[in-house]
Amino acid sequence: MKVRLYRLSLPVIGELLLQNVLAAVDALFVARLGLLAINAVGVTAMFSVVLLSVLNALGVTMTVFLSRTASEKTPSAARSLVWHGLVLGGGVGVTVSLLCLLLAAPLLHLAGAGEELTAAARPYFCLVFGSTPFLALHTMLAACFRARGDTRTPLKIGLQMNLLHAGLDALLIFGLKLGLAGAGLAYLGVQVLVLLQYWWRARGFLPTRSDLRLSRGMLAKWLRFAVPAVTERLFKRGGQVVYLSFVVRMGTEPYAANNIANTLAGFISLLGDGLATGVTVAMGKSIGEAKQSRETDESSESGASSAAESMDLSVLQSRLDAIRRQGFLGAAVSMTAATLLFWALSPWIGRWFTDDPRVLHDLTLVLFLYIFCQPFFAANLIDCAAIQAGGNSTYTMWVTILGVWGVRLIFIPVLLYGFHLELSGVWLCIGLDHMVRAYLYRRYRLKRNWIHS
Numbered sequence: 000m001k002v003r004l005y006r007l008s009l010p011v012i013g014e015l016l017l018q019n020v021l022a023a024v025d026a027l028f029v030a031r032l033g034l035l036a037i038n039a040v041g042v043t044a045m046f047s048v049v050l051l052s053v054l055n056a057l058g059v060t061m062t063v064f065l066s067r068t069a070s071e072k073t074p075s076a077a078r079s080l081v082w083h084g085l086v087l088g089g090g091v092g093v094t095v096s097l098l099c100l101l102l103a104a105p106l107l108h109l110a111g112a113g114e115e116l117t118a119a120a121r122p123y124f125c126l127v128f129g130s131t132p133f134l135a136l137h138t139m140l141a142a143c144f145r146a147r148g149d150t151r152t153p154l155k156i157g158l159q160m161n162l163l164h165a166g167l168d169a170l171l172i173f174g175l176k177l178g179l180a181g182a183g184l185a186y187l188g189v190q191v192l193v194l195l196q197y198w199w200r201a202r203g204f205l206p207t208r209s210d211l212r213l214s215r216g217m218l219a220k221w222l223r224f225a226v227p228a229v230t231e232r233l234f235k236r237g238g239q240v241v242y243l244s245f246v247v248r249m250g251t252e253p254y255a256a257n258n259i260a261n262t263l264a265g266f267i268s269l270l271g272d273g274l275a276t277g278v279t280v281a282m283g284k285s286i287g288e289a290k291q292s293r294e295t296d297e298s299s300e301s302g303a304s305s306a307a308e309s310m311d312l313s314v315l316q317s318r319l320d321a322i323r324r325q326g327f328l329g330a331a332v333s334m335t336a337a338t339l340l341f342w343a344l345s346p347w348i349g350r351w352f353t354d355d356p357r358v359l360h361d362l363t364l365v366l367f368l369y370i371f372c373q374p375f376f377a378a379n380l381i382d383c384a385a386i387q388a389g390g391n392s393t394y395t396m397w398v399t400i401l402g403v404w405g406v407r408l409i410f411i412p413v414l415l416y417g418f419h420l421e422l423s424g425v426w427l428c429i430g431l432d433h434m435v436r437a438y439l440y441r442r443y444r445l446k447r448n449w450i451h452s
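Residue numbers (numbering that gives the first Met the number 0): 0 to 452.
Simulated from the structure, these hints should not be mistaken for lab results. Please read these numbers as outputs of a predicted model, since none were measured by experiment. Careful: at least some of the hints might be erroneous.
In silico lysine-lysine, BS3-like type, Cα no more than 25 angstroms apart, as pairs [claimed, not checked]: (1) K220 / K235; (2) K220 / K290; (3) K446 / K290.
When you get a sec, could you build the whole thing from the sequences and use the hints?
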């Protein structure tokens with residue numbers, strides 16, 4: 000079971016790492032165009048991060064549902080599920096793309112861009128969000144592969160396309176001297192090619208003509224799960240923006256230290272995110288296999304006893320608990336070790352960005368505090384994935400809202416202005432948020448039957 004979980008998780012971790020590395024390489028290319036180009040990409044990223052959160056939530060929905068259906072050995076049901084996911088994902092992609100293309104200037108102004116920055120960012124903004132339908136569709140197809148237990152194909156496609164993206168960036172930005180528009184064209188071209196790659200490799204389980212029917216029941220099932228999952232991501236992003244506003248008010252040095260720490264935290268969290276995806280797939284497959292086994296037994300023995308059903312549920316519960324436990328241990332150990340390593344190297348890592356002594360001091364301090372947060376953070380990621388794999392995205396939504404908008408936004412002002420803890424107070428609140436959510440998730444798992452059909 001442990002080997003199966005890590006076999007599912009490690010390619011996802013590699014894929015997430017590639018995305019972070021590509022973002023860094025992309026930023027280096029754009030940085031050579033000047034501050035205006037950097038700011039144009041930054042203001043576009045404010046919206047693209049929100050979009051990616053929404054699409055990832057839809058991808059989680061696909062993974063949860065399809066991992067069960069694929070294990071039930073019902074190809075027609077699986078193809079129907081893929082079709083409904085592609086329709087919803089594509090619908091979201093087209094809607095977002097049209098709104099962003101029509102309202103590009105007002106949205107950039109809303110983000111605080113002046114006339115000069117708006118003029119510079121608009122072509123890049125339109126090219127990036129013009130690619131949203133392609134991004135949405137290949138996000139859903141990648142989720143299909145993961146749900147079927149194939150996490151290597153998304154990694155292979157990601158590696159090929161990231162190398163291509165870097166090459167196109169260099170060619171279009173500097174070779175053809177298209178500047179920032181070249182970066183946007185490279186992004187658009189890569190999204191189209193990624194979709195074509197996924198479409199070609201997925202043709203074995205894509206919907207056939209007979210599957211192209213929309214079911215109200217299936218759409219309702221999708222929306223019941225997807226809407227809370229999307230809402231959770233949006234509230235999480237919104238809460239992060241609000242808490243960053245407190246950091247901005249502290250001054251340049253704390254804000255710089257916080258940005259560097261957040262960059263490192265992104266590499267740490269991808270370890271837990273990858274294992275959480277593995278937990279979702281492994282649990283979904285176990286639930287689907289148990290359901291298939293029960294239906295087979297009922298068809299062969301019409302008088303199946305409730306005691307036998309109870310025993311089957313107990314076996315399934317113990318199997319899911321084992322998957323959750325292995326995922327948590329892997330996430331807690333790897334995330335703590337990575338944070339400890341970053342903390343030990345922080346005096347040298349910090350100097351890649353700045354020589355300011357206060358920034359280096361604050362960076363070392365918050366990373367030290369962050370070490371003790373990792374077991375709770377790992378529990379959040381794994382338990383959230385487990386509860387969603389069990390079929391409940393509403394509870395995880397409310398817990399996230401409570402943690403980000405309750406714990407953080409109540410206690411950050413208290414520690415900042417009441418105890419004058421500055422940046423360390425912000426990161427202590429992040430740790431407190433993780434502790435509260437870890438407790439609520441554990442309580443939910445122990446008190447309730449959290450496996451839903």
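Taking the earlier hints as the rules, which of them does this structure contradict? Result: no hint breaks.
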